[in-house]
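Undergrad: Chains as they are written, first to last, in my numbering: chain A, 1 to 571; chain B, 1 to 571.
Do not take every clue at face value.
Note: identical chains are not told apart, hence a pair may lie in one copy or across any two.
Cross-link-like lysine-lysine pairs, in silico, DSBU-like; alpha carbons within 30 Å at most [stated by the list, open to error]:
1) K294 with K425
2) K334 with K78
3) K525 with K127
4) K488 with K346
5) K127 with K294
6) K177 with K346
7) K506 with K571
8) K506 with K567
9) K501 with K64
10) K227 with K557
11) K245 with K553
12) K571 with K64
13) K331 with K403
14) K437 with K488
15) K371 with K319
16) K101 with K78
Bear in mind the hints are in silico, worked out from the structure with no lab data behind them.
Computed from a prediction, not measured in an experiment: that's the story for all the values here.
There are 2 protein chains.
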Amino acid sequence: MLRMSTLLLRTLRDDPADAEVASHRLLVRAGFVRRVAAGIYSWLPLGYRTYRKIENVVRQEMDKAGFQEVHFPALLPKEPYEATNRWAEYGPDLFRLQDRKGNDYLLGPTHEEMFTLMVKGEFSSYKDLPLSIYQIQTKYRDEPRPRSGIIRGREFVMKDSYSFDVDDAGLEISYQKHRQAYINTFDRLGLKYNIVSAMSGAMGGSKSEEFLAPCPTGEDTYVLCKKCGYAANVEAMVTKVAPYKGEKVGAIEVLDTPNTPTIDSLVAVFNNKFGAKITASDTLKNVLLMADEKPIAVLVPGDREVDLKRLAANLAGVKDLRLFEDADFAKNPKLVKGYVGPQDAKALGLRLYADPRVSEGSVWITGANAKDKHAKNVTCGRDFIIDQYVESAEVRAGDNCPKCESAVIIDRAIEIGHIFQLGRKYAQSLGLTVLDKEGKPVVVTMGSYGIGVSRAVAAIAEQTHDEIGLNWPAEVAPADVHIVATGKEDQPFDVAEQIAKDLEAKGLEVLLDDRREASAGVKFKDAELIGIQKIIIVGKALADGKVEIRDRKSSAKQEVAVTDVVKTLVK
Amino acid sequence: MLRMSTLLLRTLRDDPADAEVASHRLLVRAGFVRRVAAGIYSWLPLGYRTYRKIENVVRQEMDKAGFQEVHFPALLPKEPYEATNRWAEYGPDLFRLQDRKGNDYLLGPTHEEMFTLMVKGEFSSYKDLPLSIYQIQTKYRDEPRPRSGIIRGREFVMKDSYSFDVDDAGLEISYQKHRQAYINTFDRLGLKYNIVSAMSGAMGGSKSEEFLAPCPTGEDTYVLCKKCGYAANVEAMVTKVAPYKGEKVGAIEVLDTPNTPTIDSLVAVFNNKFGAKITASDTLKNVLLMADEKPIAVLVPGDREVDLKRLAANLAGVKDLRLFEDADFAKNPKLVKGYVGPQDAKALGLRLYADPRVSEGSVWITGANAKDKHAKNVTCGRDFIIDQYVESAEVRAGDNCPKCESAVIIDRAIEIGHIFQLGRKYAQSLGLTVLDKEGKPVVVTMGSYGIGVSRAVAAIAEQTHDEIGLNWPAEVAPADVHIVATGKEDQPFDVAEQIAKDLEAKGLEVLLDDRREASAGVKFKDAELIGIQKIIIVGKALADGKVEIRDRKSSAKQEVAVTDVVKTLVK
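Here chain A stands alone, though its shape is the one from the complex (with noise of 0.2 Å):
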């Protein structure tokens, strides 16, 4: 049983001053968490019996789902991560060290390399896959703002699960198998979520969602569509264009259009000047970039920016990308700053990317590639042919679901799993084959999936709370019944202490607030604060032998006879 009187805990009535979103300052405040650096956080008893029920969920899930628990150490020798690059890679957000021989160590920020090596280490035939593997375990990411409190940490809690494959079709069951463990996860946490198609990336990878539990100061962007459930990371959004049915146009006219190197000024001379009544978005904008130092140019409408993280997501095989400076148009004297168009793109050395819109057919003003001139009629498929196109335009709430075309909205949520068809990469690196059926070595595919173990108990928090406290579901309240006791007589503390024990003895947990100098009203808004479920309140009623048993979440209260109470909480 746990005692308010001697429990290690002091509520606060005040906001922490480094509290941004609800979790973090309910949790400080409900005497849950406790700050130790920067993004570095002790658990206090109540904190820690919530985020074990969560440990425990998942362990539960994946058990269930035929995945093995093994654990690796956080202090990891620097060997694996450089068969990789990621030693490199992962640039300052590793926290590196060296033992006291002066080798180089790193504190694990996820373990593919490990996962990968002991696999190697025991098995050697197709036979012994598929194969998924597990742990829990403390990860560290030298973040450069970690914020929130616990939700984006430097040292935290993951489950991270890879499974092992020897071809795609068995990745591909692994892959689902995962999700589905996921669903039940979250489901059983009591979380909302929308499950993300998400891009590979830098991963390397081939297939990706992200599971966002929707919060309005969730740190990640995402699409919805309120109407199908289409969901997708930005990066990942699809754009679907329908096919171009515009009237037949004449040839390419070049206009003079003085002083109009943006979009605005473009735009306001064709309707002021030439009594046009254009918008933006009969604009084609050619954003120039160098890609692995060699200009491209990327083609979206006059109304929408190239969104350069989408662009990267989408952009496989190039690894430096940036935007075209002054030196490049001085090295590039055929490309007119303001006045580029694609219709010229050979001769100009331009590759061209396009967003889906600018589709074959499509006909847009554009730069004539001479200073001050623009080109009208200008045709895609006609005029400029699209080398590739690419996702590559900003996502707006608005536009259209990929799936029924309804209007998507753009949400914000906090990322609490992740699974990731890895592929070959780091069994490549790492020399993971099995004998195939042949005889022949194959390299083994693989997932990576991952779930914030310790950043769920935010995300909980975010999702569940009000403006009085915390309000955990049941199955991660840090107690199944909080059983307040008033009064200055003993009687209400002895009922109180009875109940409490008949609780228990029905396998309830119970905390009791016992505390004989604290008021009535400390007492109700530290239960209400640190959410509990069911609280009983043993004081007035009493006299009629009764207590009042309070629903935190629908603040329902209804007085029960004493000798009914077990009868009536288990059920």
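Given chain A's structure and the hints, the job is docking chain B onto it.
TA: Below, chain B alone, put in the same frame as chain A:
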């Protein structure tokens, strides 16, 4: 259900080259752990199951004792450890690192500072105490010689508790509660252990005991009385000497003893030249040391060495202790190397420390403080006065038990737990005070208590293994029953599967060897190596509707009807 056909496990027939002790050898061979770097290990599925069972027993016993679980980060800022001077004192044993901003951090080797600060942050009154809090957490020490597998690693898991009390009487009660909780824990884990008096030593506390698990390859040496059960760390062993009842002797006589700078040569000269019948124990050895750069002599009977570790542990207040060097003799010309005696201590500027055997009234042959001269009839209390008695002579098997005076033995063991009355050192350094009844601030007194949780896996393996493999107590075995199906037909596999399901339905954990390709011999050897207590063989006896149940510990075998298996194992 665990299945050998899919388990991440490859047992090894050969001992790993780097394994010195049985637990290391067998835990690697049975696929429980794998080495990642010096003193850094990963847990494979079977090993992690056993580890987690031990962790759970420890947690349950701590909770039962009313201690509250909290959890600290492993990555800690430097400042608290500077306040207590441990940032410097730990020296190269501490893993140190810097974050991206250049701030200093350490990987926690133990958390006294953090616990002290946590309580300081929450509590302020004597009414809040006593308090005992604990964590089960990963610790880091950069051991100069990591060895014996997980027994002395650089990353390991400890349960560390800390108690907080207003006064010494409270500390004693908290200490005894921990002592009992440790007894309950180790008893449940099936460990044999002795509770051994230990020195508080460098930690600056007042009382300390170690839980030592006897084991021939253990790193710790301790004294044990098999008759009365007295047990002590060698440093803490108490020398009990009967009051000296020797004859009165005449005045000091100085004798010519050329070339006798050693005890051996002195005894030879006395017996051969003077016709005496003495042994080394009749002579007095005066060992000169510099204690904080002041010369001292430590007096022990001539047949014993000074044990510098014992001396240092018992010599409170001395920071720097070292043996005399030639340079020291040169600076103190009155001290004649090989011929020092205590009778002129004042004139020689020597402070005299002595082993309790150099008791009041005892008579000795010793140096005469002149080259080639010794003195006899030198009587303690008459001819020289001991400034301070100190436990300093080497301890030997056969020495008297201080309780019952039987001969003690010297035994080896693994330290599995340590309980410690810290006192006020940390609270003082970090300013942890509470207001007492009169409203005056008092410094809190603390205890610290540790159990090596990951080490316990190895300690249990050391104490329970036999020639053929591991041999787990039921409470910590990776499963309750190991079922081996043999043969080429489907039937034994089907029966084994059914038995496994029936046992699981009764709540037993089953490891099923369902491998079709492995021979019966390989399977039996694996079962013996893994060390689960109940092994069911489903094979030949099936012709009579029977299976064989083997007991791993006793090797007892019995044939049981398939229909009776569940009844036989679930009792």
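Undergrad: Now, for every hint given, state plainly whether the structure supports it.
TA: Cross-check of the supplied hints:
When the C-alpha separation of K294 and K425 is checked against a cutoff of 30 Å, the pair qualifies only within one copy, where the shortest distance is 26 Å, while the shortest distance between copies is 66 Å. Neither within a single protomer nor between protomers do K334 and K78 lie at most 30 Å apart by alpha-carbon distance, with minima of 48 Å and 58 Å respectively. In this homomeric assembly, K525 and K127 come within 30 Å of each other (Cα to Cα) only across copies, at 22 Å, whereas the closest approach inside a single copy is 59 Å. Proximity of K488 to K346 under the C-alpha cut-off of 30 Å is found in neither arrangement, the shortest distances being 90 Å within a copy and 70 Å between copies.
Within a single copy, K127 and K294 get their C-alpha atoms no closer than 47 Å, and across copies no closer than 73 Å, so neither meets the 30 Å cut-off. In the homo-oligomer, the alpha carbons of K177 and K346 never lie at most 30 Å apart, since the shortest distance is 48 Å inside one protomer and 84 Å across protomers. Taking identical chains as interchangeable, the C-alpha atoms of K506 and K571 lie at most 30 Å apart whether they share a chain (10 Å) or sit on different chains (25 Å). In this assembly of identical chains, the alpha carbons of K506 and K567 lie at most 30 Å apart whether taken from the same copy (10 Å) or from different copies (29 Å).
Taking the shortest alpha-carbon separations for K501 and K64, only the inter-copy value of 15 Å comes in at or below 30 Å, while the best intra-copy value is 33 Å. For the homomeric pair K227 and K557, neither the shortest alpha-carbon distance inside one copy (37 Å) nor that between copies (67 Å) is at most 30 Å. In this assembly of identical chains, the alpha carbons of K245 and K553 never lie at most 30 Å apart, being 55 Å within a copy and 83 Å across copies at closest. In this assembly of identical chains, K571 and K64 lie within 30 Å of each other by CA distance both inside one copy and across copies; the values are 26 Å within and 27 Å between.
For the homomeric pair K331 and K403, neither the shortest alpha-carbon distance inside one copy (44 Å) nor that between copies (94 Å) is at most 30 Å. With identical chains, the CA atoms of K437 and K488 are at most 30 Å apart between copies only, with a shortest distance of 21 Å across copies and 79 Å within one. For the identical chains of this complex, K371 and K319 are neighbours neither inside a copy (32 Å) nor across copies (83 Å), given an alpha-carbon limit of 30 Å. In this homomeric assembly, K101 and K78 come within 30 Å of each other (Cα to Cα) both inside a single copy, at 14 Å, and across copies, at 21 Å.
Hint compliance for this structure: hints 2, 4, 5, 6, 10, 11, 13, 15 are broken, all remaining hints hold.
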